[in-house]
Amino acid sequence: MNIVVLVKQVPDTAAERTLTGTDHTLDRENSDLVLDEINERAAEEALTLKEENDAEVTVVSMGPDSALDAIRKVLAMGADRGIHVCDDRLRGADVVTTAKVLAAAVGTVTDVDLVLAGDAATDGQASAVPAMVAELLGLPQLTHVRELALDAGRVRAERETDSGEATLGAPLPALVSVTEKINEPRYPSFKGIMAAKKKPVATVGLDDLFPDADHAAFLVTRTRVVEAVPRPARAAGTVVTDDGSAARRLFDHLLAQKLL
Amino acid sequence: MPDVLVLVEHDGARVHKSTYELLTAARRLGDPVAVLVGAPGTAARLRESLARYGATRVYAAESTEAGEFVGSPAVDALYLAVRTVDPVAVLVSATTDGKEVAGRLAARLDTGLLTDAVDLDSSGTVTQIVFGGAYTTRSEVTHGIPVIALRPGSFDPEEHPGDAVEHALAVPPVDPAVSARVTARRAALAGDRPALTEASVVVSGGRGVAGADGFKVVEELADALRGAVGASRAAVDAGYYPHQYQVGQTGKSVSPQLYIALGISGAIQHLAGMQTSKTIVAVNKDPEAPVFGVADYGVVGDLFSVAPQLTREVAARRGGS
Ligand SMILES: Cc1cc2nc3c(=O)[nH]c(=O)nc-3n(C[C@H](O)[C@H](O)[C@H](O)COP(=O)(O)OP(=O)(O)OC[C@H]3O[C@@H](n4cnc5c(N)ncnc54)[C@H](O)[C@@H]3O)c2cc1C
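First to last, the sequence lines map onto chains A and B.
Under this note's numbering, the residues of the first sequence are numbered 1 to 260, in order.
Under this note's numbering, the residues of the second sequence are numbered 1001 to 1321, in order.
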């Protein structure tokens, strides 16, 4: 069985994130980059399934040179091989482009049974890419999943969203995106880190994925940021220490602000 | 006037408020045309409400299996509607399901997608708030019919009564090989509370609430204020409250008139989901808690004493008025 896991390197949210002044894309030079934590859980799920089903796990990431670190981390956790989509023309790629490129990269892996992803990266927040990749590959989408089981060529999943919880079923091949609830990712062992250095990683560009050059040139241009303005930081307001009357004073304040 | 497609969110009996917001926003671009997916008879039930908020036509994809599959019936219906009316834009609510439907439609049409917009002008340029409130950006679609997901609560629904003629959309049956089937469903346990992303008041609890039982204090204040309940990730991870109520970077983004944080320290990832709220109130024992840096009104104190007192004050006023 073949499992592909999609991972993304993102700026560490604990640090400040800035946009470049020129084209309003993420300023990667001034960000600390890490493997997105939900993706790490998707990888963990892939590796658990690998142990149960004797699967081969391919990790796919799109991003600049540094994204190789994210791929190596998943290889160190136990994945078998990597595909790194790296092309200067993908700088500032929007969601549709990202989904198309990822779908094309998954398409280079033969006989895929399951594609795994995190349900939302901490930077873009679109939370739509996994469903879009499923759409483009013609796979059933099982998104926002906190529990997953494979059995007899089918996948069963517990989905959790604002509209409630649902049990989903679909035949394989399928795409599953996971929530933070799914598992606790393992730490790569020293042995794993050493082994990862020898695992194969294919680097591919747009011309490899889309041999039709016209198509590739148009890949990154469906939306445009026309303006980006930093928002003023919120200023701290009144702070009172409770001496038994704070609730009353807070109530009066809310009343005066017409919030009640 | 050109047509603008609006995907209707509903529960079979009622149209969700976020759809009225979409219809209102759509009028900036053209004539709103509602696209509705549901069980047979749904359009007949909802047509009048949609017409009251400005829908000029209702395209209905009705079938018994509409609710049985995730996303696909809506994507198929919108795709067919786009082919039928050739709209200038497609608007969808930026809910969990809506964002995925918008994304799949844009991928299928190969057009530009703009998600989580908080505003929209007559040229189709949208405003978004990115990086947890650090930047306001304005973006436009440069290729194809714009597919735009609008954050619920960003527009005030305005009535614009008219007639809406119903048209049937003959969508082919869903192919179960490419679509996940819903085999069981458990509704969210929100009860009578407003939806988190639509509420004008949100009361959230953090690890300081110290247990699932402790969340009663949060719920009681939310109910007195007729608001929604939210939770920090630490509270969710500790099992105090369900995941779908998480506010923050990996949870919901909320922007209510009033946000009350009880026992929440104010980590940057939590602030990312709530710092665009109009007024922020924080109650925390620790005077050094970072949440006080963004709060308009902070109370250094025990939430188990402050919140119930505030609940009583609010209830007394509601009772008296
Ligand atoms: C990639 C990533 C994504 C994340 N996404 C999110 C997210 O979406 N949402 C989110 O919330 N967090 C998120 N986090 C976690 C975040 O960093 C914090 O760990 C979390 O927000 C802390 O929750 P808390 O404030 O409830 O808990 P704590 O930080 O433990 O704070 C509890 C607070 O309660 C106070 N307190 C205790 N008892 C009382 C009492 N009786 N009365 C009053 N005050 C009391 C304490 O003084 C303390 O300040 C994310 C983290 C990472 C790394």
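Just so you know, not all the hints are guaranteed correct.
Claimed, not checked - With a Cα cut of at most 27 Å, we get these calculated DSSO-like pairs of lysine-lysine:
1) Lys1216(B) with Lys181(A)
2) Lys50(A) with Lys258(A)
3) Lys181(A) with Lys1278(B)
4) Lys50(A) with Lys197(A)
5) Lys50(A) with Lys191(A)
6) Lys191(A) with Lys1278(B)
7) Lys1216(B) with Lys198(A)
8) Lys50(A) with Lys181(A)
By construction, these hints were calculated from the structure, which means they are not laboratory data.
Lys50(A) paired with Lys197(A) [C-alpha distance capped at 27 Å]: Answer holds: Lys50(A) to Lys197(A) is near 20 Å, not above 27 Å.
Pair hint Lys50(A) and Lys181(A), alpha-carbon separation not exceeding 27 Å: OK: Lys50(A) and Lys181(A) at ~20 Å, within 27 Å.
27 Å Cα cutoff - pair Lys191(A), Lys1278(B): violated (51 Å)
Agreement of Lys181(A) and Lys1278(B) with the hint, judged by alpha carbon distance not exceeding 27 Å: violated (30 Å)
27 Å Cα cutoff - pair Lys50(A), Lys191(A): Status holds; Cα separation ~18 Å.
Agreement of Lys50(A) and Lys258(A) with the hint, judged by alpha carbon distance not exceeding 27 Å: violated (58 Å)
Hinted pair Lys1216(B) and Lys198(A), Cα distance within 27 Å: Violated: Lys1216(B) and Lys198(A) sit about 54 Å apart, past 27 Å.
Pair hint Lys1216(B) and Lys181(A), alpha-carbon separation not exceeding 27 Å: holds (23 Å)
Comparing the model with each earlier hint shows violations of hints 2, 3, 6, 7; every other hint is respected.
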